[in-house]
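Chain by chain, the residues run as shown.
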Amino acid sequence: MAEFLQFLVSGITIGSIYALVGLGFAMIYNASNVINFAQGEFVTIGGMATVSLMAGTGLPLILAAPVAIMIAALVGLALEKFAVEPARNADVITLIIITIGASIFIRGGIEVLLGKDFHRLPAFSGDTPIMVGGAAIQPQSLWVIGALVLVVVALRWFFDRTRLGKAVLATSHNRLAAQLVGINVRTILLISFGLSAAVGALAGIMTAPITLTRYDVGVMLGLKGFSAAILGGLGSSFGAVAGGLALGVAEAMAAGYVSSAYKDVVAFIIILGVLFFRPTGFFGGKGVERV
Amino acid sequence: MRLLTPRMGGLLALAVVIAVLPAFFPNKFYYDIAIKTGINAIVCIGLNLLIGYAGQISLGHAGFYALGAYGSAVLTARLGWPGPVAMVVGAAAVGLLAFVVARPILRLRGHYLAMATLGLGIIVAIVINREIPLTGGPDGMTVPALAFGDWRVTGTQTWYWVIGGAVLLAVWLALNIVDSGVGRALRAVHGSEVAAETVGVDTTRYKVLVFVISAVFASLAGSLFVHAERFVTPVEADFLRSLEFVTMVVLGGMASTFGAVVGATILTVLPQALAGFQDYEHLALGAILMGIMIFLPKGLVPSLAAQWRRRR
Amino acid sequence: MNILRIEGLAKKFGGVHAVEDLTFALEAGRIHSIIGPNGAGKTTLFNLVSGVYTPTRGRIFFADQDVTALPPAQRARLGLARTFQNLQIFFNMSALENVMVGRHRHLDCRLLHSLLRLPAIVRSDQAARAKAVELMRFVGLESYIDADADAMPYGGLKRLEIARALAAEPRLLLLDEPAAGLNPAETREIDELIKRVAAAGTTVVLVEHDMKLVMGISDHIVVLDYGRRLAEGSAAEVRANPDVIRAYLGASAA
Chain G
1 MAEFLQFLVS GITIGSIYAL VGLGFAMIYN ASNVINFAQG EFVTIGGMAT VSLMAGTGLP
61 LILAAPVAIM IAALVGLALE KFAVEPARNA DVITLIIITI GASIFIRGGI EVLLGKDFHR
121 LPAFSGDTPI MVGGAAIQPQ SLWVIGALVL VVVALRWFFD RTRLGKAVLA TSHNRLAAQL
181 VGINVRTILL ISFGLSAAVG ALAGIMTAPI TLTRYDVGVM LGLKGFSAAI LGGLGSSFGA
241 VAGGLALGVA EAMAAGYVSS AYKDVVAFII ILGVLFFRPT GFFGGKGVER V
Chain D
292 MRLLTPRMGG LLALAVVIAV LPAFFPNKFY YDIAIKTGIN AIVCIGLNLL IGYAGQISLG
352 HAGFYALGAY GSAVLTARLG WPGPVAMVVG AAAVGLLAFV VARPILRLRG HYLAMATLGL
412 GIIVAIVINR EIPLTGGPDG MTVPALAFGD WRVTGTQTWY WVIGGAVLLA VWLALNIVDS
472 GVGRALRAVH GSEVAAETVG VDTTRYKVLV FVISAVFASL AGSLFVHAER FVTPVEADFL
532 RSLEFVTMVV LGGMASTFGA VVGATILTVL PQALAGFQDY EHLALGAILM GIMIFLPKGL
592 VPSLAAQWRR RR
Chain L
604 MNILRIEGLA KKFGGVHAVE DLTFALEAGR IHSIIGPNGA GKTTLFNLVS GVYTPTRGRI
664 FFADQDVTAL PPAQRARLGL ARTFQNLQIF FNMSALENVM VGRHRHLDCR LLHSLLRLPA
724 IVRSDQAARA KAVELMRFVG LESYIDADAD AMPYGGLKRL EIARALAAEP RLLLLDEPAA
784 GLNPAETREI DELIKRVAAA GTTVVLVEHD MKLVMGISDH IVVLDYGRRL AEGSAAEVRA
844 NPDVIRAYLG ASAA
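Residue numbers (our numbering), protein chains in the order written: chain G, 1 to 291; chain D, 292 to 603; chain L, 604 to 857.
Worth flagging that the hints you see were computed from the coordinates, not collected in a lab.
Any given hint could turn out to be false.
Stated by the list, open to error - Away from chain D, derived, C-beta distances all over 10 Å, residues of chain L:
#	residue
1	G611
2	G784
3	R849
Stated by the list, open to error - To be clear about the criterion: a stretch of chain G counts as covered by chain D if any three or more of its residues have a C-beta under 8 Å from a C-beta of chain D, and this derived list gives those stretches:
#	stretch
4	187–199
5	220–232
Quantities reported herein were computed from a predicted structural model and do not represent experimental measurements.
All C-beta atoms, glycine included, are put in the ideal place defined by N, C-alpha and C.
Taking the hints into account, I'd like the entire structure generated from these sequences.
Below, the structure is given as structure tokens:
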């Protein structure tokens, strides 16, 4: 029982990261129909920038983190403006390759600027595990899960209660109609990219104490976050959250009870399964092509 | 007919280049780069049929390449099979695998398809990395020489000619496919799947077909690779390797067989030429991908060809 | 002989009944038109007949063979061809290649033979090319024989699609708004072309809004309204039908 609880908590923790990354994918997809393969890089920026700021300028974590998030948001805005916007009308394959190129570019930039080493952030509230029912829970896990809850609540409030948030929702449902009622779709797009990047960076900062950070952590996290978004159904932001948590738990259970060497394979087998049998995911809708 | 001349001319020109090139090689290192270029070119020629002509995408082709590579490696090194037999059996097995996964995968479009191929490639990479007793894991494994009976194919120079011939063969086969009913059916699938169906093209069958063909090209290239280099590591199955192949196709020109060769050449030779800039490799690769897709989405060769045609 | 027979055909999109309880038969060797106000279900009908949509209910018979469950490619191989309201040209190919693809069901498509470019393949290709040139002349596109599809004007592309459809040597040709977006002179040319196609033995079914074209060319007209069959008959009969006039014609009959 203690073991199960251990795996469960571990799964929910890493699942929260996947959920945050997946949220980022879903937000951008909703606003622009683009799958941003560079999403994982925002996670990397979050962790690496925070580490560098703290080491380089002596800023405490509480200040370095928001600055890192803002840096990530700016990179997100630049990505939209310089890579996605010029290719607005290109076909899907072209856009996919562009964002892949962007992800490699950003990763290369981080590699050149900040090196190839692993870095660690100190745990926010110490390393002493909290014992619950025989399972040892790292306090950092609670920070991670807390961050997810905070982001979900904040986004919910943003979409339901603010004009800007509603405009973003409107754009995702029907871009043309949104334009016709005077919503500046360009701005919405920029905001979506910036928000996605910020959320991704937050995830990176939260997880750095547990999983370490390096110039290439974004690759796997990006892929799994994307899987989370597909699992939940690409059209649904909160489906991505459900998808991420489910993925994290499944992975942890497989690692614990089957084999930890093949843990990554679990995630991709699940994804292939979803893609083959129910590509619209749990909460996604179906589209009809008009000829 | 009109179309025969540019094609035969192109093939002849390539043959001449391959024949004459070694005269400019100061040492063996250049032969090695040429060999690697040729092997990448073979993968790209097949991948181009899938991406450029049929309009699909694969972000996991290094998986097929690595399966061909490790298939040959394991069958020859661990089981003592003769090289040519291992190569053919490996290609057939990879073709079968591609066939089996193609149908469910190719029902997907756009990013779903990209994700599925990516997932497959990663699964292959992980398995190769973990099955240490079989594959030697991350440290890699050595591979015996390719032998046809008593003749052992060894020596960088010999391999240059072998690969050169293989590239010419691959180009010839690809050109034949493109300029045939099968090739036009593939391009029709890319142009408009609905319209292709209504003229009698079974689009699923053709997508599966080109997927399998491109997988077999990759597998054969992988087998040639391990026998030429006599060594292989799981890096050949990496996600980044898949992206390199895609970049080569995209850079050189989608829907252009010679473009695939050009793309492979540029992206194999350039990193060597910029050896001091190893650290900037990712930055450069990413910039190239973005730049080409934004400004020259058809790739180098077709864009240059279009410029040329406009001047006449 | 009835080349096409529809029985109780219905197609629902969510709550929208695009086509409802549709039954009629089309005689071979004639020119038929399907008309009706916008949203009447005409293009949906074409999509159902060609296999792009699956019906919610009902059956489709092509030359007395039940094709309801067959995918589009197989219906094409039985001799059904069509053009599209929103052009579906293969812009990644030349004009001639577009027409050559239309010949698909008559081509030699054996993989190994194609890979090795055996003489049989070369012959099959040359025959396809010759036929495509002939067809481009037939539809009046001689000057575009060497052109790329993306270099052609709109009117030319509409005729290219017809050439592509004819390349299959179909028994039944469905033309979806062939005159849409064309000026009166171009429409007259399409009119001539359709007559030539029909004279060569192909049954033609038109969906069209241009009443002058429809009334002038059709042997038989089916009128749809809200997905149902409103009226049917010769041009004169339909023109005089009060239900039709009320639902649709207004002042547009010539």
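Exercise for the section: Could you check that no beta carbon of chain D comes within 10 Å of the beta carbon of R849 (chain L)? Expected result: Check passes; 35 Å lies beyond 10 Å.
Handout entry: chain D covers the stretch 220–232 of chain G, three or more CB atoms within 8 Å, holds or violated
Key = holds (count 4)
Problem - Assertion that G611 (chain L) lies farther than 10 Å from chain D (Cβ) - result: holds, 24 Å
Practice task
Could you check that no beta carbon of chain D comes within 10 Å of the beta carbon of G784 (chain L)?
Solution key: Answer for G784 (chain L): holds, closest chain D Cβ roughly 18 Å.
Handout entry: chain D over the stretch 187–199 of chain G, status - at least 3 residues with CB closer than 8 Å
Key = With 0 residues in contact (Cβ-Cβ under 8 Å with chain D), the coverage given for the stretch 187–199 of chain G is violated.
Going through the hint list in order, the structure does not satisfy hint 4, though it satisfies all others.
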